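Student: Sequence:
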Amino acid sequence: MSRIVIVSLGLLVSLGLLNFLIWQPVVQAGPGELKINFIDVGQGDAILLKLPTGEDVLVDGGPDDTVLTALGQLLPVWDRELDLVVATHLEADHITGLISVLQTYQVKEVLTPAFQNDTKTAKAWQEAALKAAKINYADATDDYVWGEVVWDTLWPLPNADFSLESDNINATVAQISYGDHTVLLTADADSQVEQQLIALYPGLTTEILKVAHHGSRFSSTTTFLQAMQPDVAVISVGRNSYGHPAPEVLQRLAAINAQIYRTDQSGTIKLILSSQQRRILTDG
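So the sequence shown is numbered by the UniProt record's numbering: it starts at 1 and just counts up by one.
Please note: incorrect hints may appear among the correct ones.
[Stated by the list, open to error] List time: in silico DSS-like cross-link candidates among lysine-lysine, alpha-carbon distance up to 27 Å:
hint, residue 1, residue 2
1, 108, 120
2, 120, 131
3, 123, 108
4, 131, 108
5, 120, 134
6, 134, 123
7, 108, 134
Just so you know, these hints were derived from the structure itself, not from any lab. From a predicted model like this one, the values you see are computed outputs, not experimental measurements.
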């Protein structure tokens, strides 16, 4: 049912929202569409899922408050609620923005790593996460179903031994399925995790791949890419001193004929999936 919202023009002006509403139209997912926004947050990850059933899910938040500006553009101005916020791992380029998100939005549930570290940013995130209505610690038993959209957590395994491991090795990896479409979100998984995924999930493939670790040469091995066979590869990356994305990773993706999209070149990348088609929109 449609709703008409009447707001005083004077109130909009006083709140400084009039120009925002005029110049920042929100592009909503249409009926039956899953919209996945790979947000340009520079050198980091932030992914907003807008589900056909109306829920909003945010995966990671980038290295600063840029994600708040993006959410203001991608969500209606009156929408201050997120159904699920996922921190794939506790490195600053993934969770710094999430701290601000939790301070600004009402969050129904947080999915956060069981593997913890003692950095200042990680501790700030852990404190902020307590404000969510529910906290869940990620492992491969965590599945979410929203209508026809399924979130299947593939990694880490339950009861993993975190004593000698790293954030990247224990980062949450998940596959999203919607009809015939599949999207694999790999966070900062390295080649060890990729090998485990191939072994644990025979026949695992994906239509769209969020390239691991911003295109690091220590991820996206030839074996993994040949197994996954993505049609589309999205690299979330910004100016950095690490050489991301590595030339050899770009070559490996080209070798399997994947369409490559980069946030440093195209800005926020909007993936729109319906039962009939796949559309990709960019800011660049």
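Student: If a hint holds in the structure, say so; if it doesn't, say that too.
Tutor: Outcome of the hint check:
1. Restraint check for residue 108 and residue 120: satisfied, since their Cα atoms lie roughly 25 Å apart, inside the 27 Å limit.
2. Of the supplied pair hints, the one linking residue 120 and residue 131 holds, its CA atoms being roughly 18 Å apart against a limit of 27 Å.
3. The hinted pair formed by residue 123 and residue 108 meets the criterion: a straight-line CA distance of about 20 Å does not exceed 27 Å.
4. At most 27 Å may separate the alpha-carbon atoms for a hinted pair to count; residue 131 and residue 108 meet this at roughly 9 Å.
5. At roughly 23 Å between alpha-carbon atoms, residue 120 and residue 134 fall within 27 Å of each other, so this suggested pair holds.
6. Note on residue 134 and residue 123: the hinted pairing holds, with a Cα-Cα distance of about 18 Å set against a maximum of 27 Å.
7. Between residue 108 and residue 134 the CA atoms are separated by roughly 6 Å; this keeps the pair inside 27 Å, and the hint holds.
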